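Input sequences plus hints: build the corresponding full structure.
Listed below, chain by chain, are the residues.
There are 2 protein chains.
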Amino acid sequence: MPFRRSVATVCLSGTLEDKLVAAARAGFDGIEVFEPDLIASPWRPRELAARCADLGLGIELYQPFRDLDSTDPAGFARNLRRADRKFDVMAELGVPTVLVCSSVSDDAVADLDQLAEQLATVAGRAGERGLRIAYEALAWGRHVSTWDRSWAAVARADHPALGLCLDSFHVLSRGGDPAGFADVPAEKLFFLQLADAPHLQMDVLQWSRHHRLFPGQGAFDLPGFLRCVLDAGYAGPLSLEVFNDVFRQSDPARTAVDAIRSLLWLEEQLPGPAAVPAAPELTGHSFVELGVDGVSGPQVARALHGLGFAHTGQHRSKPVQLWEQGRARVLLNASVVRPAAAGIAAVTALGLESSDPAASAARAEALHAPVLPRDRGTAEAQLSAIEAPDGTQVFFTRTDPGGWPADFLPTDEAARADAGLIGIDHVGLTQPFDAFDEAGLFYRAVLGLAPQTVTEFAAPFGLVRSRAVAGPGRAVRLALSVSALRRGGWSPAVPDPQYVAFATDDIVTTAGRLQAAGAPLLPVPANYVDDLAARLEPAPELLAAIREHGLMYDEDEHGGYLHLTTLVLGDRVFFEVVQRLGGYDGYGNADAPVRMAAHRQARAVQGD
Amino acid sequence: MPFRRSVATVCLSGTLEDKLVAAARAGFDGIEVFEPDLIASPWRPRELAARCADLGLGIELYQPFRDLDSTDPAGFARNLRRADRKFDVMAELGVPTVLVCSSVSDDAVADLDQLAEQLATVAGRAGERGLRIAYEALAWGRHVSTWDRSWAAVARADHPALGLCLDSFHVLSRGGDPAGFADVPAEKLFFLQLADAPHLQMDVLQWSRHHRLFPGQGAFDLPGFLRCVLDAGYAGPLSLEVFNDVFRQSDPARTAVDAIRSLLWLEEQLPGPAAVPAAPELTGHSFVELGVDGVSGPQVARALHGLGFAHTGQHRSKPVQLWEQGRARVLLNASVVRPAAAGIAAVTALGLESSDPAASAARAEALHAPVLPRDRGTAEAQLSAIEAPDGTQVFFTRTDPGGWPADFLPTDEAARADAGLIGIDHVGLTQPFDAFDEAGLFYRAVLGLAPQTVTEFAAPFGLVRSRAVAGPGRAVRLALSVSALRRGGWSPAVPDPQYVAFATDDIVTTAGRLQAAGAPLLPVPANYVDDLAARLEPAPELLAAIREHGLMYDEDEHGGYLHLTTLVLGDRVFFEVVQRLGGYDGYGNADAPVRMAAHRQARAVQGD
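Here the protein sequences line up with chains A and B, keeping their order.
Heads up: the first sequence runs through residues 160 to 767, numbered per this note's numbering.
Heads up: the second sequence runs through residues 160 to 767, numbered per this note's numbering.
Among the hints, erroneous ones may be present.
Which copy is meant is left open, because identical chains are indistinguishable; a pair holds if it fits in one copy or across any two.
With a Cα cut of at most 20 Å, we get these calculated DMTMM-like pairs of lysine to aspartate or glutamate [stated by the list, open to error]:
(1) Lys347 - Glu276
(2) Lys245 - Glu287
(3) Lys245 - Glu696
(4) Lys477 - Asp566
(5) Lys245 - Asp689
(6) Lys347 - Asp272
(7) Lys477 - Asp571
(8) Lys347 - Asp390
Keep in mind the hints are simulated off the structure, nothing from the lab.
Just so it is clear, the structure is predicted and the values come from calculations on it, not from any experiment.
The following block contains the structure:
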């Protein structure tokens with residue numbers, strides 16, 4: 160294993176005991192001890208060291224020591240005494256390195272010579288005890304807020320027990336250039352902390368405290384950063400220091416898995432052999448499975464008939480129906496226990512077409528995705544399946560005569576394309592609140608899908624955050640969404656159903672056939688169309704079609720998006736029909752608030 | 160009634176129907192129709208107008224019309240056509256005024272003459288139809304981002320159907336000076352939108368979208384702003400335009416009450432007679448009532464004995480015990496149904512000493528606080544009580560022989576002061592997630608308590624936000640706290656108990672007596688004391704006392720704070736003993752994470 164992988168205890172929620180167990184179980188080699196975690200712990204430092212040894216965790220860093228330097232000699236003397244006490248703790252812990260971050264205090268030293276002298280003094284005391292100081296520029300430090308400045312101070316101090324700690328957040332949030340690391344001697348690169356973040360325009364301290372993310376979850380170029388650090392000769396652990404409002408209160412076992420996955424993904428971006436098998440290309444949606452019961456099953460089946468689908472197959476051994484239209488396939492599975500409440504229908508599985516299903520599954524397992532056992536009958540194809548963070552099962556498939564369709568015995572109904580649906584455009588999945596960023600990384604790292612921009616929109620019952628992930632050529636698209644805040648008790652309707660969006664080349668014809676077939680279509684408010692007419696001035700025939708068929712319409716800089724929606728079925732799911740015009744690459748989010756209000760209105764009319 | 164009170168529909172969660180009902184029930188006179196709410200509604204404009212008329216709500220403003228002006232003549236022509244369509248909607252709604260906000264578009268007009276000409280053109284079209292344009296500078300507008308600039312454009316356009324909309328957020332977030340309103344002719348002040356906000360350093364658009372607050376909940380000088388607007392001759396409605404991530408998903412009925420309360424409070428800050436009775440001074444904590452049951456009652460009683468309290472009284476008609484020590488009084492009420500789960504103890508009521516209890520209650524009622532019915536026995540004092548947003552009952556009391564103590568028959572135990580506790584220092588109340596800002600305004604407006612700064616700290620199971628409210632001379636102090644994010648499923652212990660903090664003048668003596676009496680004290684980790692010694696270097700005798708008695712210690716710029724804590728009792732409550740040194744004005748928040756981890760550890764030891 161080329162790298163030691165480490166995580167700061169501050170990344171994980173809970174008490175120190177919770178954190179250690181989570182880090183060890185996820186496979187980390189070591190931890191940074193975040194001092195407040197130790198202070199709040201009943202374990203004395205020696206007990207913590209013993210516990211870490213039991214769990215196979217090295218203690219890589221003690222952090223942070225704040226506000227060391229001072230223009231007031233008495234103040235600096237106090238700070239040295241304080242450092243001596245922390246060196247005592249470090250000796251008991253057996254940790255060689257302490258992170259000293261640049262001062263934010265009013266009495267911080269501005270003069271580089273004086274700062275270097277004070278750093279050399281404390282390094283001298285550390286060195287006498289076999290310890291060393293990794294000096295880090297906080298992005299909001301009073302006089303040292305860039306890595307260049309921290310390196311200037313360390314270089315001038317010129318003490319063997321003094322080196323740099325590089326933190327990707329502090330460097331990249333200030334627009335620092337990692338290419339400059341090449342000028343730092345390798346033996347001065349004492350420690351490396353990795354964090355990603357979204358681009359935000361806000362006070363950098365608040366940005367850091369509330370919005371850090373694991374590598375691959377944000378907008379920073381972490382692969383480029385890491386390459387620069389390694390090229391400069393850094394040979395220490397890759398250590399994550401990431402915290403945000405969500406991670407601070409999430410299950411640390413999940414967060415730790417998310418964390419190690421982010422490091423595996425990051426390492427894979429480096430040149431050379433990777434620790435995990437490469438991601439085979441995903442070439443399309445093979446099916447979506449809905450879990451149904453005796454109440455919701457017939458309701459969904461009627462809707463599929465209305466949408467022009469045919470019930471073409473029955474599973475050999477399970478109560479699963481196959482419905483088809485073009486390359487759009489829906490499985491209705493009455494044996495899935497997850498939707499426990501009566502009358503519920505929910506997306507329970509995605510079939511994704513893989514160029515090498517076994518390799519897809521092997522990669523997923525290497526990236527700590529839960530691999531699902533499959534109970535197979537004799538005549539059934541082997542299906543590799545994993546579980547996504549939201550509980551959805553993901554099957555890696557090959558749709559050919561010897562593949563998964565062979566599990567289904569044909570019915571009397573022949574596949575047809577009554578309504579002109581040609582395949583699955585995308586699937587919309589609502590995410591558990593705590594798992595939004597985890598899900599983004601999961602689909603990116605495990606499946607090799609590319610994340611699209613995060614957008615937010617004001618829905619009737621609260622802000623919604625949305626991010627899509629898509630495969631090459633957009634053959635696979637998933638639209639993930641989550642409430643911007645975890646919902647509370649007030650909400651008059653289930654506001655966030657999942658959906659399956661089917662593609663058509665001619666939504667006007669499709670809509671006419673759906674109306675004729677009695678599909679359960681969602682009425683679109685007339686006010687919406689009036690506004691659309693005023694706002695986008697669509698061509699008269701397009702506007703007429705929108706009015707006549709209850710369509711919605713969105714535009715981006717590349718093209719347009721015509722779509723229509725069914726009522727909510729089985730309390731949790733609806734179907735959408737979409738036609739992309741030109742290069743439109745979105746998901747109709749601008750129309751989502753109207754759709755949500757209309758769904759609520761329709762439920763009210765139904766007496767729900 | 161001197162002012163028309165209005166609220167923008169965007170302030171309230173839900174669909175338009177939910178919003179109208181909430182606004183009408185809270186007593187608003189009118190609304191601003193936020194266009195997206197209308198677009199998503201099944202009501203055509205005439206139906207909305209009829210619905211508002213039924214509910215007694217005027218429609219004061221239609222908003223917003225975005226990106227009107229354009230350097231591209233064809234673009235401006237399109238925007239004029241769009242405006243005409245919106246004038247059609249306004250005519251059906253019967254609303255006279257539309258808010259036009261400054262453009263954020265790339266083709267926005269920079270030249271003031273051209274902008275004035277385009278504004279005059281659209282005002283001309285509006286004027287022909289009896290409508291008018293209220294032009295507002297968005298704080299992030301492309302070329303018009305300050306109110307001065309918006310006024311310059313309106314003045315230059317010089318059209319009777321064109322005036323200003325002043326929004327306190329847009330003016331104050333940019334540091335605008337409301338004193339300048341005096342130079343604007345009164346007839347040009349078409350509309351006023353009010354919003355408060357915390358001081359934040361971030362992109363102003365994001366600040367506005369996610370962090371607006373009702374007047375009195377933030378840091379802006381809304382009273383000063385409003386005085387300037389009124390002095391300039393504005394005679395229209397006071398209208399709230401406030402949205403943030405929490406309000407967007409909270410019960411609109413609660414939000415609407417919060418909103419009207421903020422306006423009543425704001426109006427009271429103006430010179431002249433107020434619409435609500437003044438707040439009598441609150442001079443102290445008379446008691447705290449804990450709801451207990453057969454399991455938790457004896458546990459709490461044992462703890463009170465250990466803390467030196469005596470069970471001095473028994474209620475004449477209810478299963479309520481009075482416990483006393485000095486002026487610290489605790490009621491244990493076994494008849495309160497709220498803590499339904501077995502073994503629970505919880506703070507159910509606060510007794511606050513009022514110079515005029517009836518007037519306190521009358522003010523609370525005028526400010527829409529729920530007034531509680533009291534079932535009284537013949538010999539019992541009249542007690543006025545209201546309900547706070549977290550469900551805690553607040554009693555306005557006078558503690559004299561004829562007052563509430565007369566409801567209690569003396570027991571054999573005499574009051575004593577075994578442990579030196581002299582009164583209640585403060586009560587710590589955890590707030591429902593959605594009600595934190597509502598609670599701050601409630602205590603400020605209804606009780607006349609002054610809000611202290613909001614602080615955040617990283618607790619073991621997530622970020623906690625805390626704000627205290629305090630009365631004159633700090634005779635009444637309440638420490639309110641809430642999770643920065645609503646908690647999810649993961650949390651290994653009840654992380655947020657309430658507490659009652661008793662004051663002592665000599666915590667060392669008190670602690671010795673508590674230990675001798677076997678009070679259920681929380682052990683403080685040795686690591687905490689080691690860090691304290693290194694960090695603050697307390698005097699040797701103080702440090703020795705801290706070690707010996709398991710104290711915690713905090714400092715601010717005014718003084719020090721020694722405190723100790725009991726175990727959690729009845730699953731939800733603990734007691735604290737505090738000694739303030741010098742002018743320390745905080746609540747030991749710096750120590751709270753250690754206390755929380757220690758509470759969790761103690762519960763684990765107890766096998767909880």
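Within, between, both or neither: Lys477, Asp566 at alpha-carbon 20 Å = within (10 Å within a copy, 71 Å between copies)
What label fits Lys347 with Asp390 when the C-alpha limit is 20 Å: within, between, both, or neither?
-> within (13 Å within a copy, 65 Å between copies)
Within a copy, between copies, both or neither: where do Lys245 and Glu287 come within 20 Å Cα-Cα?
-> For Lys245 and Glu287, the Cα distance is within 20 Å only inside one copy (14 Å; across copies 77 Å).
Is the C-alpha distance from Lys347 to Asp272 at most 20 Å within one copy, between copies, in both cases, or in neither?
-> within (19 Å within a copy, 61 Å between copies)
With identical chains treated as interchangeable, where does the CA-CA distance between Lys245 and Glu696 reach 20 Å or less: within a copy, between copies, both, or neither?
-> between (69 Å within a copy, 14 Å between copies)
Status of Asp689 relative to Lys245 across identical chains (alpha carbons, at most 20 Å) = Classified as between; 9 Å across copies, 69 Å inside a copy.
Are the CA atoms of Lys347 and Glu276 at most 20 Å apart within a copy, between copies, both, or neither?
-> within (17 Å within a copy, 64 Å between copies)
Under a CA distance limit of 20 Å, which applies to Lys477 and Asp571: within one copy, between copies, both, or neither?
-> within (18 Å within a copy, 75 Å between copies)
Of the numbered hints listed earlier, not one is contradicted by the structure.
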